[in-house]
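Asker: Taking the hints into account, I'd like the entire structure generated from these sequences.
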Amino acid sequence: MLNAFTHLLIRDLRLALRNRHELANPLIFFVLVVSLFPLAVTPTPEALRSMAPGVIWVSALLAVLLSLDRLFKQDYDDGSLDQLMLSPNPLMILVLAKVLAHWLLTGLPLVIIAPLLGLFMSLPVEAVDVLVYSLLLGTPVLSLVGAIGVSLTVAVNRGGVLLSLIILPLYIPILIFGANAVDVASDGLPVRGQLLFLGAVLALSLSLAPLATAVALRITASR
Amino acid sequence: MWNWIQRFSSPKYFYSMSAVLIPWFAVGALLVGLYGLYLGLFVAPTDYQQGESYRIIFVHVPAAWMSLFIYMVMAVSSGIGLIWQIRLADMVAAASAPIGASFAFLALVTGMLWGKPMWGAYWVWDARLTSELILLFLYLGYMALQSAIEDQRSADKASGLLAIVGVVNIPIIHYSVEWWNTLHQGATVTKFDKPSIDIDMLIPLLLMAVAFKLFYAAVVLVRTRNEALYRDRNRRWVRELIAQL
Amino acid sequence: MNWSEFFHMGGYAFFVWTSYALTLIIVVANIISPIRQRKKVISRIKRAIKREQLQQSNE
Chain A
1 MLNAFTHLLI RDLRLALRNR HELANPLIFF VLVVSLFPLA VTPTPEALRS
51 MAPGVIWVSA LLAVLLSLDR LFKQDYDDGS LDQLMLSPNP LMILVLAKVL
101 AHWLLTGLPL VIIAPLLGLF MSLPVEAVDV LVYSLLLGTP VLSLVGAIGV
151 SLTVAVNRGG VLLSLIILPL YIPILIFGAN AVDVASDGLP VRGQLLFLGA
201 VLALSLSLAP LATAVALRIT ASR
Chain B
1001 MWNWIQRFSS PKYFYSMSAV LIPWFAVGAL LVGLYGLYLG LFVAPTDYQQ
1051 GESYRIIFVH VPAAWMSLFI YMVMAVSSGI GLIWQIRLAD MVAAASAPIG
1101 ASFAFLALVT GMLWGKPMWG AYWVWDARLT SELILLFLYL GYMALQSAIE
1151 DQRSADKASG LLAIVGVVNI PIIHYSVEWW NTLHQGATVT KFDKPSIDID
1201 MLIPLLLMAV AFKLFYAAVV LVRTRNEALY RDRNRRWVRE LIAQL
Chain C
2001 MNWSEFFHMG GYAFFVWTSY ALTLIIVVAN IISPIRQRKK VISRIKRAIK
2051 REQLQQSNE
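Residue numbers (this note's numbering), protein chains in the order written: chain A, 1 to 223; chain B, 1001 to 1245; chain C, 2001 to 2059.
Simulated from the structure, these hints should not be mistaken for lab results. Hints may contain errors.
Per label pair, the in silico range of CB-to-CB distance [what the hints assert, rightly or not]: (1) Glu1178(B) to Thr2018(C): 23 to 33 Å; (2) Ser1147(B) to Leu206(A): 23 to 33 Å; (3) Leu23(A) to Asp1151(B): 32 to 42 Å; (4) Ser2043(C) to Leu1034(B): 29 to 39 Å; (5) Phe2014(C) to Ile93(A): 56 to 66 Å; (6) Ser2043(C) to Leu36(A): 46 to 56 Å; (7) Ala1121(B) to Ala47(A): 22 to 32 Å; (8) Gln2055(C) to Tyr1035(B): 54 to 64 Å.
Each computed DMTMM-like pair below joins lysine to aspartate or glutamate, with the alpha-carbon atoms no more than 20 Å apart [unchecked claim]: (9) Lys2050(C) to Glu1240(B); (10) Lys2050(C) to Asp1232(B); (11) Lys2046(C) to Asp1232(B); (12) Lys2039(C) to Asp1232(B); (13) Lys73(A) to Glu1150(B); (14) Lys1116(B) to Asp1126(B); (15) Lys1116(B) to Asp1200(B); (16) Lys2040(C) to Asp1126(B); (17) Lys2039(C) to Glu1240(B); (18) Lys2046(C) to Glu1240(B); (19) Lys2040(C) to Glu2052(C); (20) Lys2040(C) to Glu1150(B).
A virtual CB, placed ideally from N, CA and C, is assigned to each residue, including glycine.
Answerer: Take a look at the structure:
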């Protein structure tokens, strides 16, 4: 079982690393969207600082959303998804491997580049720390919950807008607590509660989302 | 037991049974609703803080309650449909969505109309209005998914799963929006919270809530009958029934 | 209380009556739409039956 998990994880990582330019796209999108805000609103440091947490979090959320397709689309198109479902290993475990691969390829790079964007948006240094922690706890949830959405819409033609319609409302709690943690940290206040909440949501979605995704994949495959 | 459930949940049986129930629910909704309106508009005293504008709550609050209640019904019947493969449950879920969405919309707009005299603006990011807006989005997502998938069986199952995921999320969303709201505004006090609501105001409010529930029951039965006819359009009982019309 | 006072709603007439009018609209829409849906479904099935009968008589 563990074997299947690591095999699938390595396969997905290897496949993604073969077309590197595609790999960078969500990251470029993330940086691009964040840098639009100083241009659109105002470049004064005070204003930037007050909107930085929200802007960075919303952009990260959209970047993950746009990359979700990668989770199952290709596997669905070339039929390897059906193969996965025929395997004797529990589908939940395989889903978990795919989600982990997705997070390593999109969520983690976002977390790593986030401090740079914090500087762009003139966040104080203490808040940059918290930004990294909150993204570290929050982006896996985005991948996990997103997996449910993709597995429901992967067979739908032009499912992109539909995917955002059904997934974005579910992202709201993460957005609220993630952005607020950074916001509070930039005022120098403690953020333990917010980070604990993000951790709790991560634990909850880690246990439930793979199950829901597995059910959703079976529904999608049954047509 | 199982046979019994199968028999009573067969669309055919439901179709003939519901025809008996619908008029009762409809007439009940009308009578209770009229009495509730009479008490709410004529008998209930003027609120000393909000004046007459508080009378909006007699439609706003029941609509908000119903929008949440219908989502619960959707999620529960989707669960029944997914786990026990009872087709009637899927039909109820699909039939409920547009009604629930319309109530969520009604709650939002009446909330705005109530808010304007209270807050001086049609829209403030109040916790309840925000939660209601998110609930409306959840409904719209469900309906979009339902109509995007061609195959009826998998459309039911896929959107049913989405409804269940949504219902797990609703408490989390609700809690985080409340929490977010207490951080960002101290000034706007939600006056629906008032613990000691006058009994003369409470009774019409509850009557209106009952009327809305009965109304939903009648409409969802009619809609479920339509779904049953459409989904079973190639089965004999529908053919025989249509031939008689 | 007289009627004009009642319709005046203590100066909140616009907000109160718009709310109630909208409620009425939503209620009526919820009544009309399933009835129309029913007619549509039935006529669709009838047409399908006719088509099948035509096919059978052609064979």
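Asker: Now look at each hint and say whether the structure bears it out.
Answerer: Okay, the hints, checked on the actual structure:
1. Glu1178(B) to Thr2018(C): 23 to 33 Å: holds, 28 Å
2. Ser1147(B) to Leu206(A): 23 to 33 Å: Distance hint for serine 1147(B), leucine 206(A) holds at roughly 32 Å.
3. Leu23(A) to Asp1151(B): 32 to 42 Å: holds, 34 Å
4. Ser2043(C) to Leu1034(B): 29 to 39 Å: holds, 34 Å
5. Phe2014(C) to Ile93(A): 56 to 66 Å: With Cβ atoms ~60 Å apart, the hint holds.
6. Ser2043(C) to Leu36(A): 46 to 56 Å: Holds, since serine 2043(C) and leucine 36(A) (Cβ atoms, about 52 Å apart) stay within the stated range.
7. Ala1121(B) to Ala47(A): 22 to 32 Å: holds, 23 Å
8. Gln2055(C) to Tyr1035(B): 54 to 64 Å: holds, 56 Å
9. Lys2050(C) to Glu1240(B): Given that 20 Å is the threshold and the Cα spacing comes to 14 Å, the pair holds.
10. Lys2050(C) to Asp1232(B): It holds: about 17 Å lies between the C-alpha atoms, which stays within 20 Å.
11. Lys2046(C) to Asp1232(B): Distance of about 13 Å is within 20 Å: holds.
12. Lys2039(C) to Asp1232(B): Holds - the C-alpha atoms of aspartate 1232(B) and lysine 2039(C) are around 16 Å apart, at most 20 Å.
13. Lys73(A) to Glu1150(B): holds, 19 Å
14. Lys1116(B) to Asp1126(B): holds, 12 Å
15. Lys1116(B) to Asp1200(B): Distance ~25 Å between lysine 1116(B) and aspartate 1200(B) Cα, so the pair is violated.
16. Lys2040(C) to Asp1126(B): Outside the cut-off at roughly 41 Å; violated.
17. Lys2039(C) to Glu1240(B): Holds, because 17 Å separates the two Cα atoms, which is no more than 20 Å.
18. Lys2046(C) to Glu1240(B): Roughly 11 Å between the alpha carbons, so the hint for lysine 2046(C) and glutamate 1240(B) holds.
19. Lys2040(C) to Glu2052(C): With a Cα-Cα distance of about 18 Å, the restraint between lysine 2040(C) and glutamate 2052(C) holds, given a limit of 20 Å.
20. Lys2040(C) to Glu1150(B): holds, 19 Å
Checked against the numbered hints above, the structure violates hints 15 and 16; every other hint is satisfied.
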